[in-house]
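Chemist: One letter stands for each residue in the lines below.
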Amino acid sequence: SQTIHQWPATLVQPVGSPLSLECTVEGTSNPNLYWYRQAAGRGLQLLFYSVGIGQISSEVPQNLSASRPQDRQFILSSKKLLLSDSGFYLCAWSAERNIQYFGAGTRLSVL
Amino acid sequence: QKEVEQNSGPLSVPEGAIASLNCTYSDRGSQSFFWYRQYSGKSPELIMFIYSNGDKEDGRFTAQLNKASQYVSLLIRDSQPSDSATYLCAVGYGQNFVFGPGTRLSVLP
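Each protein sequence line maps, in turn, to chains P and A.
The number in the working numbering is simply the position in the first sequence, starting from 1, with 60 added.
The number in the working numbering is simply the position in the second sequence, starting from 1, with 45 added.
Do not take every clue at face value.
Far from chain A by the CB rule (all over 10 Å, computed), these chain P residues [as the list claims (entries may be wrong)]:
#1 P68
#2 Q73
#3 V75
#4 N92
#5 V120
#6 L143
#7 S144
#8 D145
#9 S154
#10 V170
Simulated pairs of lysine-lysine, DSBU-like, Cα-Cα distance not exceeding 30 Å [unchecked claim]:
#11 A:K101 with A:K47
#12 A:K87 with P:K140
#13 A:K101 with A:K112
#14 P:K139 with A:K87
#15 A:K101 with A:K87
#16 A:K47 with A:K87
Since the hints were made in silico from the structure, they are not lab data.
Virtual Cβ for every residue (Gly too), placed ideally from N, Cα, C.
From just these sequences and the hints, can you work out the full model?
Modeler: Right under this line is the structure:
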């Protein structure tokens, strides 16, 4: 069966520090991968999606970037965090039928 | 601009009642529709998906889709306190989703 791993679960970072969040999927090949952000009490905002290695599409302008160095690995990065980057970051994958399944999420607080 | 709208709630229903959650979407080109449940502090989990007009039942859950009215709903029968959560409606466009803001459901014992 397919599983998705996302870490860390919680992260507290100072403004201006770098960020790296990692997501890996097991049990499937060539999945579509997604990064979402959810602000407190808000809906999910799609940040990036990827249909294959090295193929990244950005949905919103921001100081974040994403990379997909391997088929089942998706990384969200920032060189310098802003206060507004705080939120709940969710990685998701989909395969056939385009049904998306979510990882456990990373709660990021930028102070 | 593709939009998905939901009443934010909270929607309060007594235990054992039917909870009815509604969602409307703006783009007639949408082909797939999903309901996710999200407990506080947790990630969304898929409850149901529906692609065709009509009803789809899975246990206590029924999804209803009306493409002409651009409307999708979720009915929860015999509501339990454990159903208290935020319910997210998602509309699929190709490989991507647009999520609604979610409806918070509270089932009162």
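Chemist: Quick one, are K101 (chain A) and K112 (chain A) close enough, alpha carbons at most 30 Å?
Modeler: Holds, at roughly 14 Å.
Chemist: According to the definition I'm using, a residue is off the interface if its beta carbon is farther than 10 Å from all beta carbons of the partner; does V120 (chain P) meet that for chain A?
Modeler: 13 Å, holds
Chemist: If we take the beta carbon of S154 (chain P), is the closest beta carbon in chain A still more than 10 Å away?
Modeler: S154 (chain P) is in fact no farther than 10 Å from some Cβ atom of chain A, at 7 Å.
Chemist: Beyond 10 Å from every chain A Cβ: check whether that's true for S144 (chain P).
Modeler: At roughly 19 Å from the nearest Cβ of chain A, S144 (chain P) sits farther out than 10 Å, so the non-interface label holds.
Chemist: May I ask you to check that Q73 (chain P) keeps its beta-carbon over 10 Å from the closest beta-carbon of chain A?
Modeler: 19 Å, holds
Chemist: Does K101 (chain A) pair with K87 (chain A) here, judged by a C-alpha cut-off of 30 Å?
Modeler: 26 Å, holds
Chemist: Was N92 (chain P) rightly flagged as not at the interface, with every chain A Cβ beyond 10 Å?
Modeler: 5 Å, violated
Chemist: Hey, K87 (chain A) versus K140 (chain P), does the alpha-carbon distance stay inside 30 Å?
Modeler: Holds. K87 (chain A) to K140 (chain P) sits at ~27 Å (cutoff 30 Å).
Chemist: Examine each Cβ of chain A, and state whether all of them lie more than 10 Å from the Cβ of P68 (chain P).
Modeler: 14 Å, holds
Chemist: Compare the distance between the alpha carbons of K101 (chain A) and K47 (chain A) with 30 Å, and conclude whether the hinted pair is satisfied.
Modeler: 24 Å, holds
Chemist: Hey, does V170 (chain P) actually stay past 10 Å from chain A on C-beta?
Modeler: 18 Å, holds
Chemist: Would the pair K47 (chain A) and K87 (chain A) pass a check requiring their Cα atoms to be no farther apart than 30 Å?
Modeler: Measuring from Cα to Cα gives roughly 26 Å; hence the hint holds.
Hints 4 and 9 from the earlier list are contradicted by this structure; the remaining hints agree with it.
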